[in-house]
Amino acid sequence: MADPILKVEDLMKSFGGVVATDQFFFDIQQGEFHAIIGPNGAGKTTLVAQISGMLKPDSGRILFDGQDITGLSAAERSHLGLARSFQITSVFRHFSARQNVALSIQARQGHSFRFWKPAARDSSLTEPAMKILSDLGLANRANVLADNLSHGEKRQLEIAMALATDPKLLLLDEPTAGMGAEDSARIREFLGGLKGKYSMLLIEHDMDTVFSLADRVTVLVYGRGIATGTPEEVRGNAEVRAAYLGEDDAAHA
Amino acid sequence: MELTRLKGWLLAIGFVVLVAVPPAVTAMDETFYITLISRIMIFAIAALSLDLILGFGGMISFGHAAYLGLGSYAVGILAFHEITNGWLQLFVAIGGSAVVALIIGAICLRTSGIYFIMITLAMTQLLFFIGISLETYGGDDGLPTDRSEFAAFIDLGNEWILFYLILGFLVLCMYISWRLINSRFGMVIRGCHENEARMQAIGFPTYRYKLLAFVISGSMCGIAGFLLANLTEFVTPEFMHWFRSGEIMIMVLVGGMGTLFGPVVGAFAFLMFEEIISGFTENWPVIFGPLLVLLVLFAKQGVWGLLPKSKAGDG
Ligand SMILES: Nc1ncnc2c1ncn2[C@@H]1O[C@H](COP(=O)(O)OP(=O)(O)OP(=O)(O)O)[C@@H](O)[C@H]1O
Ligand SMILES: [Mg+2]
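Chains as they are written, first to last, in my numbering: chain A, 1 to 253; chain B, 1 to 315.
Some hints here could point you the wrong way.
Looking from chain A toward chain B, a few residues come up when the C-beta cut is under 10 Å (computed) [claimed, not checked]:
id, residue
1, Ser52
2, Lys56
3, Asp58
4, Gly71
5, Ser73
6, Ser78
7, Arg108
8, Ser123
9, Tyr222
These aren't lab readings, by the way, just hints derived from the structure by calculation.
Glycine included, C-beta positions come from ideal geometry on N, C-alpha and C.
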């Protein structure tokens, strides 16, 4: 069998006394849509930060496509095909939507030690950027400064920027965070459309989305993976029900 | 970053006025203005170069006078050893500034915030004290120097020709900066200023881009130093004093950080103001200080930033 696209072995990370990632093991198979759920503060974002290379684990290993990437920088991981989106919107506020996406495309086209030709008029950047913006329904907002986009549009741009790096594995940290019901439904539909095209790790609070889209679900509580399995298996898991699902109906909201 | 029609016109008019300065002031028998405007244009180059890293890259370098000093000492020291070839001096001024900027940048870009400011300041003070200790080259008394020699038709002994050479360099530096800021490289530098973590996440190894920007900025300021030594026919460690770094930074603030051509306007505003007010009172900073505070409070993007902007997304 092929290597899993991502394999995390015995990952540990603590902040002072808080253990945010605790002896965590898991893997994502090629093409798999894997969801992580867990209560607030469970360590989901911390996990994404370590996988994407923005935070150094205290110990443990991360393998991407069979290669140990634990020591690589975030930029190096991005070039291998790892992309992340941010729970807290992290766009370039003073660039237009198109420029935001074009920067991701520029990054994947090799080095940027090019000093003369205006990037704004470089069709090898603007055309693919427009393509991705239209996929996300932002084509008519391409020239708007990211700062002037609505919250929902910023969240869409957040995903567009990750997609534009042409990844093999997408790490999406609560892509619908803070979005209205209508907008988030649209984004979830869009994510459903990505299923099968990319290997994906989705962090999401909405149980309906998770259980309808994910191939497998991992439940994270206090930094520990307490269960991994198909949506049915996880739903039926007694420990999960006790620790999370059963007790916390708010999670369904 | 596109220029609006208004800004384009202002730049064109500014250029025509500058071209007319030498004949006009000679006709009015006020040739002193040729030297004053020459000096202002030199500082405009320095401010422009600082804005590349300060306004666009978000790197608060409080030591830009270092390159002003290095550029001028390249002229002074080479001339002292009877190497007066202008091209060679210019090459050494740019190259020397680049090497020093590479060293300073490599160190201080590993830090950020107040540490970055303090290290750039400290490094420049170090160069200042080295300048003072160079007894052979005049120490703190400075060193008189001859003007650079280019091919016969560029005789820098002629104030007009020196003026137009400086103007030519100013226009060249403005054009290069404009291309740079809009290029792929420029987008990376601006992106690092906005959100460096995101830049890394989408695949940019940001350190090397910022370092190169730091070197380019220092080299450009080295050109200003080369021109300053030629204008004053004198080099002194004073060119590297932290006070000078502060002045260059104020010019950027007055003109507008991250506005590219604003700092050029800022250099004119600052030095003209100094010239006029210092004729009335020794204590001109007492007047200038509060004005600067007002400007920074009410016009965050300086005087150039008060002009209307081009359409969204193009800056
Ligand atoms: N940089 C940090 N410094 C100190 N503590 C941190 C830091 N980042 C996260 N933590 C702590 O680590 C724990 C896990 O945080 P994390 O943000 O990963 O949770 P999460 O599962 O993403 O939560 P949420 O659902 O609210 O997004 C929390 O207790 C948090 O306070
Ligand atoms: Mg989180």
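Verification of the supplied hints:
no.: 1; hint: Ser52; in the structure: 6 Å, holds
no.: 2; hint: Lys56; in the structure: 13 Å, violated
no.: 3; hint: Asp58; in the structure: 20 Å, violated
no.: 4; hint: Gly71; in the structure: 15 Å, violated
no.: 5; hint: Ser73; in the structure: 7 Å, holds
no.: 6; hint: Ser78; in the structure: 3 Å, holds
no.: 7; hint: Arg108; in the structure: 6 Å, holds
no.: 8; hint: Ser123; in the structure: 13 Å, violated
no.: 9; hint: Tyr222; in the structure: 26 Å, violated
Violated hints, in rising order: 2, 3, 4, 8, 9; the structure is consistent with all others.
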